[in-house]
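Chains as they are written, first to last, in my numbering: chain Z, 1 to 131; chain B, 1001 to 1143; chain Y, 2001 to 2327.
Hints may be right or wrong, so weigh each one.
Unchecked claim - With beta-carbon atoms standing in for the labels, derived distance ranges:
| # | chain 1 | residue 1 | chain 2 | residue 2 | range |
| --- | --- | --- | --- | --- | --- |
| 1 | B | Glu1020 | Y | Val2108 | 55 to 63 angstroms |
| 2 | B | Lys1013 | Y | Ser2022 | 15 to 23 angstroms |
| 3 | B | Gln1029 | Y | Asp2095 | 25 to 33 angstroms |
| 4 | Y | Glu2019 | B | Gln1128 | 33 to 41 angstroms |
| 5 | Y | Met2087 | B | Arg1078 | 31 to 39 angstroms |
| 6 | B | Lys1013 | Y | Asp2016 | 14 to 22 angstroms |
| 7 | B | Gly1130 | Y | Asp2245 | 34 to 42 angstroms |
| 8 | Y | Thr2030 | B | Ala1033 | 38 to 46 angstroms |
| 9 | Z | Asp55 | Y | Asp2194 | 25 to 33 angstroms |
Claimed, not checked - Listed next, the in silico BS3-like pairs over lysine-lysine satisfying Cα-Cα at most 27 angstroms (straight line):
| # | chain 1 | residue 1 | chain 2 | residue 2 |
| --- | --- | --- | --- | --- |
| 10 | Y | Lys2252 | Z | Lys73 |
| 11 | Y | Lys2054 | B | Lys1141 |
| 12 | B | Lys1100 | Y | Lys2308 |
| 13 | Y | Lys2117 | Y | Lys2154 |
| 14 | Y | Lys2252 | B | Lys1117 |
| 15 | B | Lys1075 | Y | Lys2111 |
| 16 | B | Lys1075 | Y | Lys2179 |
| 17 | Y | Lys2117 | Y | Lys2191 |
FYI, nobody ran anything at the bench for these hints, they're computed from the structure.
The beta-carbon is built from N, C-alpha and C at its ideal position, and this holds for glycine as well.
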Amino acid sequence: MNRSPIPILKIKSTLITSVQTELQDETVDLFQQDILTRIEKTGARSLVIDISALDALDTYVARMLTSTGKMAKLMGARTVIVGMRPEVAATLVRMGFPLSYLETALSLEEGLSLVNQPIEGFSVDDGQQGD
Amino acid sequence: MRDAGHDSSQDAKESIRIVEEADIITARQRVRATAQELGFDSFAASAIITITSELARNIWVYAGRGEVVVERIDKGARKGIGLQFIDQGPGIVDLPKVLKGGLSRGGGLGLGLSGSKRLADEFDIDTQPGKGTHISVVKWKAR
Amino acid sequence: MRRDEIDQYMDILNFDEYELRSRLEFFEITDDDFRCLAGLRDFASKYTEEIVEKLYELILGHPETRTFFPDAETVERVKRKQTEYFMKLFRENIDLDYIRDRLRIGFVHEKIGMPPKWYLGAYRRYLQLITDRLIEEYRDRPDLAEQYVRSIEKIIFFEMAVSIDTYIAAHVETVTRHKEAIRELSTPVIKVHDRVLLLPVIGTVDTHRAQQIMETVLLEIVEEQAKVMIIDIAGVAVVDTRVADHLIRTTKAIRFLGAEAILTGISPNVARTVVQLGVDIGEIQTTNRLADGIELALHEIGKAITPKNQEKHLEKARQQERPGEKR
Chain Z
1 MNRSPIPILK
11 IKSTLITSVQ
21 TELQDETVDL
31 FQQDILTRIE
41 KTGARSLVID
51 ISALDALDTY
61 VARMLTSTGK
71 MAKLMGARTV
81 IVGMRPEVAA
91 TLVRMGFPLS
101 YLETALSLEE
111 GLSLVNQPIE
121 GFSVDDGQQG
131 D
Chain B
1001 MRDAGHDSSQ
1011 DAKESIRIVE
1021 EADIITARQR
1031 VRATAQELGF
1041 DSFAASAIIT
1051 ITSELARNIW
1061 VYAGRGEVVV
1071 ERIDKGARKG
1081 IGLQFIDQGP
1091 GIVDLPKVLK
1101 GGLSRGGGLG
1111 LGLSGSKRLA
1121 DEFDIDTQPG
1131 KGTHISVVKW
1141 KAR
Chain Y
2001 MRRDEIDQYM
2011 DILNFDEYEL
2021 RSRLEFFEIT
2031 DDDFRCLAGL
2041 RDFASKYTEE
2051 IVEKLYELIL
2061 GHPETRTFFP
2071 DAETVERVKR
2081 KQTEYFMKLF
2091 RENIDLDYIR
2101 DRLRIGFVHE
2111 KIGMPPKWYL
2121 GAYRRYLQLI
2131 TDRLIEEYRD
2141 RPDLAEQYVR
2151 SIEKIIFFEM
2161 AVSIDTYIAA
2171 HVETVTRHKE
2181 AIRELSTPVI
2191 KVHDRVLLLP
2201 VIGTVDTHRA
2211 QQIMETVLLE
2221 IVEEQAKVMI
2231 IDIAGVAVVD
2241 TRVADHLIRT
2251 TKAIRFLGAE
2261 AILTGISPNV
2271 ARTVVQLGVD
2281 IGEIQTTNRL
2291 ADGIELALHE
2301 IGKAITPKNQ
2311 EKHLEKARQQ
2321 ERPGEKR
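Only chain Z is shown next, with the shape it has when bound in the complex (with noise of 0.2 angstroms):
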């Protein structure tokens, strides 16, 4: 199986990811698979997504954003987008982009207190256990 570029991480019961670079379309789609197939073998009850990185934010990738949200909750987890940039949401609003199905947290570290997960005993799952 073809897997994306972008790591996850996973601590407890919260899945961690940061979106760092410019992505392809085919990179999303395969982020969001990604991200679905975690939560479905690790049991995660949330997710966070980092995307502190971006300086902008389409209305594809958001759109991604949004529905890998609304997948997940179907799933059972929560997903929180934290760290976006002052300039993606005022893009973002102007565009008239609704961000459904998702919560926001300013940063990582709020992001996870939101999901009651206190940073301690990280470990990085890079995802290498048997299919």
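Mind docking chains B and Y on chain Z? Use the hints.
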């Protein structure tokens, strides 16, 4: 007054061909670099990068191929970025509805075109069903 | 005016070799004109001082222009400069260095608040004075005199165009600086408490200002990692659909960041407008009084304002619980 044939060194135009998906990223990076060079604030930069992304993707999704022309406008006190999105694709049939937003050709929310219009300072669209689409956008640097 | 300032104005006016050639062409200044002007140098040095004297009779004779020259010393200095300036008109070419030199004129005039009308009016007098002298000097050769007057006219109009352009550029720059100062004053974000910010919006909110409010508010929230942003609109002159729409967009963007927005200062009129216009305010928390908004905000971050007498009660209660410490 300058004739059209003369390009002063400060006004540079660059054309990026859109033939595959990676070209959208190339266009976006070119626009980001130009916004930085001109000293755009982060809000204006984010707006013009997002416009590039939306409209270049539209070319790729609907027309398959086309061209993005990035023009650096540096007329003394007035600085900005001019963009042209040109394709010979199917064109847009119900333009007024698409521009209002909420009508999508590709199954999304249909905010790409209407949203880009809202983010731009100047927005012109010329489209003919079956012939193609030409969109011109200008984003000025805030004074 | 510093060298880099001059370069900045050259840049603003887009003054390069191409621009220079383009202007010379439009003002129809040719090599013949430069030959004429260079050839008139002796004539000019003979009459310029006298012409400047006459010019200052006009300038110092007018009540409004006189005020720019506070004392005799200034007058003498300016006259000397003026003589130099006029002598430089009689030249065999114009290059960018010369333009740089000329940019100062408009710039200095703008800085001392001398309006262009006086500058143009004085130049009119100069043109008349020099024309009179030329016609007098070349009364045997009216054809030559005419040619010379043409060349002088051309270079004077050329100079005036450069000065006026600089004038405008300097003025625009001043206005821009004022605008920036006003912008900073008009969005004063106040830190009410750790992670609680307040923006009192006062005056008129147009599209431009609304955008600026949104940007400032979002930047401050991230900068301060604020949980709550209170926007007080009690001081907004008119709240119509557009303003309401802008405010709602701003609160949406605040939520996108992961912070809460509270709108305070909602007057009966505003409440009526919002409902009558059918503006959807969604889940935005609103209050009439700023004080209530602040209390709400503190609640949001797990703090509360306690009345002082209640504090006394609490203190008493604590003391009763620990009788051992009681004196």
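Going through the hints against the structure:
Checked against the hint of 55 to 63 angstroms, the C-beta distance between Glu1020(B) and Val2108(Y) comes to roughly 57 angstroms, which is consistent with it. For Lys1013(B) paired with Ser2022(Y), a C-beta distance near 21 angstroms keeps the hint of 15 to 23 angstroms intact. Taken as a hint, the range 25 to 33 angstroms is violated for the pair Gln1029(B) and Asp2095(Y), whose Cβ atoms sit roughly 40 angstroms apart. A hinted range of 33 to 41 angstroms holds for the C-beta pair Glu2019(Y) and Gln1128(B), which are about 39 angstroms apart.
Judged by the Cβ atoms, the range 31 to 39 angstroms given for Met2087(Y) and Arg1078(B) holds: they are separated by roughly 36 angstroms. Taken as a hint, the range 14 to 22 angstroms holds for the pair Lys1013(B) and Asp2016(Y), whose Cβ atoms sit roughly 18 angstroms apart. Our hint of 34 to 42 angstroms for Gly1130(B) and Asp2245(Y) holds, since their Cβ atoms are close to 38 angstroms apart. Roughly 44 angstroms separates the CB atoms of Thr2030(Y) and Ala1033(B), a value that falls within the hinted 38 to 46 angstroms.
For the pair Asp55(Z) and Asp2194(Y), the beta carbons lie near 28 angstroms from each other, so the given range of 25 to 33 angstroms is met. This hinted pair checks out: Lys2252(Y) and Lys73(Z) have alpha carbons roughly 22 angstroms apart, not beyond 27 angstroms. About 48 angstroms separates the Cα atoms of Lys2054(Y) and Lys1141(B), which puts this hinted pair outside 27 angstroms; it is violated. Between Lys1100(B) and Lys2308(Y) the CA atoms are separated by roughly 56 angstroms; this puts the pair beyond 27 angstroms, and the hint is violated.
Among the hinted pairs, Lys2117(Y) with Lys2154(Y) is consistent with the structure: their alpha-carbon atoms are about 19 angstroms apart, no more than 27 angstroms. The suggested pairing of Lys2252(Y) with Lys1117(B) holds, with an alpha-carbon distance near 20 angstroms, which does not exceed 27 angstroms. Proposed proximity of Lys1075(B) and Lys2111(Y) is supported: the alpha carbons are some 24 angstroms apart, at most 27 angstroms. Annotation: proposed proximity of Lys1075(B) to Lys2179(Y) holds, straight-line Cα distance about 21 angstroms (limit 27 angstroms).
Distance restraint check for Lys2117(Y) and Lys2191(Y): the Cα-Cα separation of roughly 49 angstroms exceeds the 27 angstroms cut-off, and the hinted pair is therefore not satisfied.
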